[in-house]
Every structure is written in C-alpha cells, then in structure tokens.
Amino acid sequence: MAAGHSPMAQFEVHRLIPLEIGGVDISFTNASLWMALAVAAGCTFLVASVRRDGIIPGRMQSVVELMYDFIERQTVFNVMGESGKKFFPFIFSLFIFIFFTNFLGLIPYSFTVTSHIIVTFAMALSVFVLVLIVGFWTHGLHFFSLFVPSGAPLWIMPLIVPIEIISFLSRPISLSVRLAANMLAGHTMLKVFAGFIVTMLGAGGVLSVLSIAPLLAGVAVTALEVLVAAIQAWVFALLTCIYLNEAVHLHEH
Amino acid sequence: MAGSSAGAFQVADIPPAEQPPEELHTGTEHAGEGHGAKPGLPQLDVTTFAGQLFWLAISFAVLYFVISRIAAPKISGVIADRAGRIKGDLDQAALAKRNSDAAIANYEKALTDARANALKIGDEFRKTVQAEADAKNATATKQLAADTQKAETRIAEMRNAAMARVGDVARDVAADIVAKLTGEAANAGDLDSAVRDALKRT
Chain H
3 MAAGHSPMAQ
13 FEVHRLIPLE
23 IGGVDISFTN
33 ASLWMALAVA
43 AGCTFLVASV
53 RRDGIIPGRM
63 QSVVELMYDF
73 IERQTVFNVM
83 GESGKKFFPF
93 IFSLFIFIFF
103 TNFLGLIPYS
113 FTVTSHIIVT
123 FAMALSVFVL
133 VLIVGFWTHG
143 LHFFSLFVPS
153 GAPLWIMPLI
163 VPIEIISFLS
173 RPISLSVRLA
183 ANMLAGHTML
193 KVFAGFIVTM
203 LGAGGVLSVL
213 SIAPLLAGVA
223 VTALEVLVAA
233 IQAWVFALLT
243 CIYLNEAVHL
253 HEH
Chain Z
435 MAGSSAGAFQ
445 VADIPPAEQP
455 PEELHTGTEH
465 AGEGHGAKPG
475 LPQLDVTTFA
485 GQLFWLAISF
495 AVLYFVISRI
505 AAPKISGVIA
515 DRAGRIKGDL
525 DQAALAKRNS
535 DAAIANYEKA
545 LTDARANALK
555 IGDEFRKTVQ
565 AEADAKNATA
575 TKQLAADTQK
585 AETRIAEMRN
595 AAMARVGDVA
605 RDVAADIVAK
615 LTGEAANAGD
625 LDSAVRDALK
635 RT
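Protein chains in written order, with this note's numbering: chain H, 3 to 255; chain Z, 435 to 636.
There's no promise every hint is true.
Stated by the list, open to error - Straight-line alpha carbon distances no greater than 25 Å define the calculated DMTMM-like cross-link-like pairs of lysine to aspartate or glutamate that follow:
| no. | chain 1 | residue 1 | chain 2 | residue 2 |
| --- | --- | --- | --- | --- |
| 1 | Z | 554 | Z | 568 |
| 2 | Z | 554 | Z | 515 |
| 3 | Z | 521 | H | 71 |
| 4 | Z | 508 | H | 67 |
| 5 | H | 87 | H | 71 |
| 6 | Z | 508 | H | 248 |
| 7 | Z | 508 | H | 166 |
| 8 | Z | 521 | H | 84 |
| 9 | Z | 508 | H | 55 |
| 10 | H | 87 | Z | 515 |
| 11 | Z | 614 | Z | 624 |
| 12 | Z | 531 | Z | 557 |
| 13 | Z | 508 | H | 84 |
| 14 | H | 88 | Z | 515 |
| 15 | Z | 521 | H | 74 |
| 16 | Z | 521 | H | 55 |
| 17 | Z | 521 | H | 67 |
Quick caveat, the hints were computed from the structure, so don't treat them as lab data.
Predicted, not measured: the structure shown is a model, and the values here were computed from it.
Please model the entire structure based on the sequences and the hints provided.
Structural data, given as structure tokens:
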C-alpha cells in the first residue's frame, strides 16, 4: 500500500517553506499553513461578520454572538463568576483556535493541526502554567492547600494528598491527549472507511455493491466528527475554566 | 499571556532537524516526503516539534491579539448596545405606561367628580322643587281649610235658619190639617207643645 493511502498519511508534516534558525528547523509546513488558515478564518469570522452598529444582527453575526455568549456567559462566567473576565480573551482564543483547526481538519486533503499531540500539549501546558502563575500570584504558598481537600479525615490525608498532586500534575496530559486522540481516532476512522470504499469498488462484483456500507458509515462518522470537533473545543475551554477557577478560588466553590 | 506561555515551550532541547539538503523539497506532491518519511505515527516525529511550536506560538499570539483587542470589544460592545437599547425602550414603555395610567386615573377622578356633582345638582334641584311644592301645597291646604270652614259656617247658618223656620212651618201645617179635619181652629197652645215635642224627638 502506498504511503499516501495509509490512514496515517494525513497526519504527516511536510515542509512548504524551509526555515532554520540557530540550527532549529522551524520550516513553514502544512501544519503551519493550516494553523494560519484557522487563525485567518477565526479572525474573519469574529471581526468581519459583526457590524458595530448591528443592533439587529445578521445571520453570521447571530452565530458569532451566540458563540461569544456561549463561551463568555454560559462557560466562563458560569464556572468562574466575575473573576473570569480577565481570562475570557485567552479562553475564547483557545476555543476559537481549536474549533477552527478541528473544523478545517474535516475538509478532505486538509491537515488537522489539533491531531498532533505536541500542539495540544503546548496549549494544555500553557493552561497549566497559567494556573500555577494565577494560583501562586493570588494565594502564595497557600495555593498548596489545593491538594488538601477540606473536610476529609486526617488519617486519610497521606493517601489523598498524593492522589490530588498526581491528578493535578496529570491535567496537562489528560487535557492534551483527550483532544489529540479524539482528532486522531476520528480522522483515522474516516480514512479507513474511505479506504474500504475504494478497495471494495476496485474488487468488483458483490463487494462493489456492498461498498455502500462503508460509505454510509463514513457519512455517519463525518456527522459524528462535526459534533466532536465542536464538543472537544468546548471541553478544552470548559476544563481550562475549571482549572483556572480552582486557582483563583481554591476550594471555596 | 497565552502567546508567551505557549512560546516558552519551544526552547525545549529538541535536536535540530538533521535532514539532508536534498530532502528539503517544498512540494507536497510526493507522499512520504519531508518530516513524515519515517515509519510510525507522524505525531511522534520529534523533528517537527520545534516548527509546530514556533508556528503555534505565532498564530495563537495573532489570534489572541485580534480577539482581545478587536473582536471581543466589538462583539461585547454590540451586545451591550443592544441590551442598552432594549432597556431604554422598555424604560420608555414603562414611562408611557405610567403616563397613561396617570391619565386614566385623572379621567376616572374627573368622571367620579362629575357624577357626584351631577348628583348634588339633581339633589338640590329636587329639594328646591320639593320645597316649592310643599309651600304651594301648604297654602292650598290652608286655603282649602278656610274655604271649607266658611262653607261649613254658611251651611250651619242656613241649617239653623231652616231649623228655626221648621217649627213655624210645622205649626202652620198642623193648624191647617187640624182645621181641615175637625173644621175648627186648633188651640194655639196645644199646637206649640205638639211641635216642640216632635222637634225634641228628632
């Protein structure tokens, strides 16, 4: 089977403009291209479709406002209260970036930026570092009380505290793996079904007729992936809110 | 803060990509070219990490800048404007409602006053008319009583006069009857006593 037909070929990174600084390869690749396209699409969507005097919104503006309200009011403020105001641009940026890279990745022959663990891990780690900064900035060393659940009996502490610490440290991993694995699995599945269609059609006879089955499965999986693309972007934003809220309020909630 | 946080991780000690120069093609038409030539998951090809992180930092920084400086203020401004407009309209409607309520209250009050006034005027008029009627009635009653009195007096006088003459008439008639029956004049003294007795019996 040629490399181009492998379900994994879609995740390969190709250089478009070779670039190297200080011996580090930072070439502009197809991954970089689709990041840039996602940012361009996101910025266009958010800025161009909104008219400043649009008291009565148009269709696109309604979608933008709906999305904005969904992240601002129903996610950030809902989880963090008023303290979420200063984190909103960051969380909204995360959401828009993931949302658009996920959706652009659904276009055939495109590249899914968020299927690469290094990208999602970098975002998750930036969230993690932000949580640490906010936590220590707000509470100083008292931030460590995050690992000591209030109300738990003392004798159970030696067990609970290490668990809390491990779960805290594993957050960037779970956050990044959740997104990347979802994208990787979904797109691989799509490609596998698509490959089945081609192979069965090529085989001829009854198999050609039966190729309708993987086609229907492919349509169903595509619908599922549209859902997953949106949901995963929101889940990432929501978990970021929850982590930041803990850093700001510790165990108050 | 996001851009800088994300950018901080590209200083990782990833070894520089060691690719033979002839592999640095720019085309994508040849499958398996570039970074992805190695077998296994393309995601685990560490030679792509530095580039991905670099471009992620740049693109995310651009997105963050656009959202925090342009998009978010614009969208929240539009939403706030709309909320303000709606609130203003609602306030105006509430004011109009208050005004109309006040007007209705005034109208109701005027109506009540007018009704009360009308009742009062009607009442007064009725009283005046009643008083006049009573006065006229009293005068008429008095007049009537006076007339009745006068008439009764006259009737009594006439009756007394008539009664006074009844004795004489009865006496003359009795004298005539006696004269006709007996052929001789009756005794005057007997006639008088007989008439007196008869009058006494009635």
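*asked:* Run the distance test for residue 508 (chain Z) versus residue 67 (chain H): straight-line Cα separation, threshold 25 Å.
replied: holds (10 Å)
*Taken at face value, is the distance from the CA of residue 248 (chain H) to the CA of residue 508 (chain Z) at most 25 Å?*
Judged against 25 Å, a Cα distance of about 30 Å means the pair is violated.
*asked:* Need the status of pair residue 521 (chain Z), residue 55 (chain H): alpha-carbon distance at most 25 Å?
replied: Given pair residue 521 (chain Z), residue 55 (chain H) holds - Cα atoms ~17 Å apart, limit 25 Å.
_What's the verdict on residue 521 (chain Z) and residue 67 (chain H), does the C-alpha distance respect the 25 Å limit or exceed it?_
Holds, because 19 Å separates the two Cα atoms, which is no more than 25 Å.
*Would you check the hint for residue 508 (chain Z) and residue 166 (chain H), treating anything up to 25 Å between C-alpha atoms as holding?*
Between residue 508 (chain Z) and residue 166 (chain H) the Cα gap is close to 41 Å, so the pair fails against 25 Å, i.e. violated.
*Regarding the pair residue 521 (chain Z) and residue 74 (chain H), is the alpha-carbon distance no greater than 25 Å?*
At roughly 21 Å apart (the allowed maximum being 25 Å), residue 74 (chain H) and residue 521 (chain Z) satisfy the hint.
*Keeping to a limit of 25 Å between CA atoms, is the pair of residue 554 (chain Z) and residue 515 (chain Z) held or broken?*
violated (57 Å)
*asked:* Hint check: residue 554 (chain Z) vs residue 568 (chain Z), CA-CA at most 25 Å. Holds or violated?
replied: holds (20 Å)
*When you check the alpha-carbon spacing of residue 521 (chain Z) and residue 71 (chain H), does it fall within 25 Å?*
This hinted pair holds, its Cα atoms lying about 19 Å apart.
*Decide if the proposed pair is consistent with the structure: residue 614 (chain Z) and residue 624 (chain Z), CA atoms, cutoff 25 Å inclusive.*
holds (16 Å)
*asked:* Next pair to validate is residue 88 (chain H) with residue 515 (chain Z); report whether the Cα-Cα distance is within 25 Å.
replied: holds (21 Å)
*Between residue 508 (chain Z) and residue 55 (chain H), does the CA-CA distance stay at or below 25 Å?*
holds (10 Å)
Violation of the numbered hints given earlier is confined to hints 2, 6, 7 and 12; the remaining hints are satisfied by the structure.
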